[in-house]
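Trainee: All chains should be modelled from the sequences, with the hints used to inform the complete structure.
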Amino acid sequence: MRRLTGHDEGEINRILSREDEILPSSGFAASVMDAVRREAAAPPPIPFPWKRALPGLVVGGFVLAMVFVTVVAATVQLIRSATSGHFSMSLPRLLTPILGLGLQENLASAAGWTVLALLVTFVSVRLSMRLASRGA
Amino acid sequence: MSANDDQTDVERVLAGDISAFEGIVRRWQGPLINLAYRFCRDRGRAEEMAQEAFLRAYRALAQWRKDAVFSTWLFALATNLYRSELRRIPARMLSLEDIPEPPDARDSDGGLEDQDRDVAVRRAVLALPAKYRETLILFYFHDMDITSAARSLGLPEGTVKARLFRGREILRSKLPQLLAVPRLKEA
Numbered sequence: 080m081r082r083l084t085g086h087d088e089g090e091i092n093r094i095l096s097r098e099d100e101i102l103p104s105s106g107f108a109a110s111v112m113d114a115v116r117r118e119a120a121a122p123p124p125i126p127f128p129w130k131r132a133l134p135g136l137v138v139g140g141f142v143l144a145m146v147f148v149t150v151v152a153a154t155v156q157l158i159r160s161a162t163s164g165h166f167s168m169s170l171p172r173l174l175t176p177i178l179g180l181g182l183q184e185n186l187a188s189a190a191g192w193t194v195l196a197l198l199v200t201f202v203s204v205r206l207s208m209r210l211a212s213r214g215a
Numbered sequence: 164m165s166a167n168d169d170q171t172d173v174e175r176v177l178a179g180d181i182s183a184f185e186g187i188v189r190r191w192q193g194p195l196i197n198l199a200y201r202f203c204r205d206r207g208r209a210e211e212m213a214q215e216a217f218l219r220a221y222r223a224l225a226q227w228r229k230d231a232v233f234s235t236w237l238f239a240l241a242t243n244l245y246r247s248e249l250r251r252i253p254a255r256m257l258s259l260e261d262i263p264e265p266p267d268a269r270d271s272d273g274g275l276e277d278q279d280r281d282v283a284v285r286r287a288v289l290a291l292p293a294k295y296r297e298t299l300i301l302f303y304f305h306d307m308d309i310t311s312a313a314r315s316l317g318l319p320e321g322t323v324k325a326r327l328f329r330g331r332e333i334l335r336s337k338l339p340q341l342l343a344v345p346r347l348k349e350a
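Protein chains in written order, with the numbering used here: chain A, 80 to 215; chain B, 164 to 350.
Just so you know, the hints here were simulated from the structure itself, not pulled from any lab data. One should not assume that every hint holds.
[To be verified] No more than 25 Å apart at the CA atoms, straight line, and that leaves these computed lysine to aspartate or glutamate pairs for DMTMM-like:
#, chain 1, residue 1, chain 2, residue 2
1, B, 337, A, 113
2, B, 324, A, 87
3, B, 294, A, 98
4, B, 337, A, 98
5, B, 324, A, 98
[To be verified] Here are some of the chain A residues that sit facing chain B, going by a computed Cβ distance under 7 Å:
#, residue
6, 87
7, 91
8, 94
9, 95
10, 96
11, 100
12, 103
13, 107
14, 111
15, 114
16, 115
17, 119
18, 143
19, 144
20, 146
[Unchecked claim] Listed next, with one range per pair, are the computed distances between beta-carbon atoms:
#, chain 1, residue 1, chain 2, residue 2, range
21, A, 122, B, 308, 40 to 46 Å
22, A, 125, B, 328, 34 to 40 Å
23, B, 219, A, 132, 27 to 33 Å
24, B, 247, A, 144, 34 to 40 Å
We put the beta carbon where it would ideally sit given N, CA and C, even for glycine.
Mentor: Set out below in C-alpha cells:
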C-alpha cells in the first residue's frame, strides 16, 4: 500500500469537506413537534410491580436453587452408583427435612420426583392466582 | 445560533412548555438531517433518523448537564443513534472492491470530471469499515475539527486521529487514480 502523501490528504480533505447541504422538508419541524406532543401526552409507562412480584421472585429463586441442589446431588449420587456398579436414584437427604414429607432414602425415586413436581406446580399456581386476584 | 437560546428553550421545556422545543428543532434540524444524510445517503431515511434523534433529545433533555454546550450534547446523542441505526439496518452501499475504477484521467483529454471523482470518493467512504467511516463522516461534518468529532463519537482525540489516518490510507489505496492526479481546474 502506497503511503498517504500530503497531496492525497489535501485532495481527500477538499473533496469530503465540500459536501452539498440538504434542506429539511417543509413539514419536518411540524412533524417532529407532533411526535413530541404525542410523546408528552402519552401516559407514563407503568412501573414494574416489584412489591407484588418480590414474594414470587423469592419463592421462584428458592425453588430454582433447590432444583439445582437436587440435580447436582442426584448427579453425584448417580456417578457414585455407576462407579460402584449399583444404580438407584432417590431424593437427596437434603430435601427430606425441607419438604417435611418424611421421604426415606430408599423411597422409589419416581414417586419422590412426582411429589416434588406437584408441590412446585401447586405453589406456583396458588401464587399466580393470588397475584392475579389482587391485581383485579 | 446562540447557546443562550438553547439553554432558555431547554429550561422552558423542562418547566412544562413543550412548544419551546420547536425553537430547538428549528435551530438544529438542518445540521441533524445533514449529519444523518452523510451516514445513510438517503434523504427520507435521514429525516426519519433526525426525527428520532429529536425525540430522544426531548426525552433526555433533563440529562443535559450545562457544563457542555447543548449542540455538543445533541450531536453526541444523534451520532450514537445514527451509528446504532446504521448497524441495525445498514445503508445500501458497495464494498470497496465493488466500487468501479473510474477511467484513468491521464488517458483522456480533459481529465476526470470533478463531480464524478467527488461522488466516487464519497461512495468509497461509505464502503469503509464502520469505525473509519464514522470517524471520517464526523470529522468532515465538524469542518475538520478533531475535538468536536471526538466529542460526538465519545472517543479520545488520539483514537480519532489514528482512525482518520488509517481511513484516508484505505481510501488512497482503493482509489489511486482519483487521488494521484492533480486537479486540472485548480491551476
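Trainee: Now tell me, hint by hint, if it's right for this structure.
Mentor: Each hint, compared with the structure:
1. Among the hinted pairs, residue 337(B) with residue 113(A) is inconsistent with the structure: their alpha-carbon atoms are about 45 Å apart, more than 25 Å.
2. Between the alpha carbons of residue 324(B) and residue 87(A) the distance comes to roughly 16 Å, so the proposed pair stays at or under 25 Å and holds.
3. For the proposed pair residue 294(B) and residue 98(A), the alpha carbon gap of about 20 Å is at most 25 Å, so the pair holds.
4. A threshold of 25 Å between alpha carbons decides the hint, and for residue 337(B) with residue 98(A) the separation of about 21 Å falls inside it, so the pair holds.
5. Annotation: proposed proximity of residue 324(B) to residue 98(A) holds, straight-line Cα distance about 21 Å (limit 25 Å).
6. Because the closest C-beta pair between residue 87(A) and chain B is about 5 Å apart, less than 7 Å, the hint holds.
7. Evaluation of the residue 91(A) hint against chain B yields a held restraint, the C-beta minimum of about 5 Å falling below 7 Å.
8. Restraint check, residue 94(A) versus chain B: the minimum CB separation of about 5 Å is within 7 Å; hint holds.
9. Checking residue 95(A) against chain B by beta carbon gives a least distance of about 4 Å; that is within 7 Å, so the hint holds.
10. Checking residue 96(A) against chain B by beta carbon gives a least distance of about 5 Å; that is within 7 Å, so the hint holds.
11. A cut of 7 Å between beta carbons decides the hint on residue 100(A): the least distance to chain B is about 6 Å, and the hint holds.
12. Against a cut-off of 7 Å between C-beta atoms, the interface hint on residue 103(A) holds, since the closest Cβ of chain B lies about 5 Å away.
13. Using the Cβ-Cβ criterion of 7 Å, the hint placing residue 107(A) at the interface with chain B is satisfied: the shortest such distance is roughly 6 Å.
14. Satisfaction of the interface hint for residue 111(A) is found here, the shortest Cβ-Cβ separation to chain B being roughly 5 Å, below the 7 Å cut-off.
15. Interface restraint check for residue 114(A): the shortest CB-CB distance to chain B comes to about 6 Å, inside 7 Å, so the restraint holds.
16. Using the Cβ-Cβ criterion of 7 Å, the hint placing residue 115(A) at the interface with chain B is satisfied: the shortest such distance is roughly 5 Å.
17. Among the interface hints, the one on residue 119(A) holds; its C-beta lies about 5 Å from the nearest C-beta in chain B, closer than the 7 Å criterion.
18. Contact between residue 143(A) and chain B, as hinted, is not supported at the beta carbon level, the nearest pair being about 34 Å apart and thus beyond 7 Å.
19. Annotation: residue 144(A) was flagged as interfacial toward chain B, and the flag is violated, the nearest CB pair being 37 Å apart, outside 7 Å.
20. The beta carbon of residue 146(A) comes no nearer than 38 Å to any beta carbon in chain B, farther than 7 Å, and the hint placing it at the interface is violated.
21. For the pair residue 122(A) and residue 308(B), the beta carbons lie near 43 Å from each other, so the given range of 40 to 46 Å is met.
22. A hinted range of 34 to 40 Å for the beta carbons of residue 125(A) and residue 328(B) is inconsistent with their spacing of about 51 Å.
23. At about 29 Å, the CB distance of residue 219(B) to residue 132(A) agrees with the hint of 27 to 33 Å.
24. The hint said 34 to 40 Å for the Cβ distance between residue 247(B) and residue 144(A), and at roughly 37 Å that hint holds.
In this structure, the earlier hints numbered 1, 18, 19, 20, 22 are contradicted, and the remaining ones agree with it.
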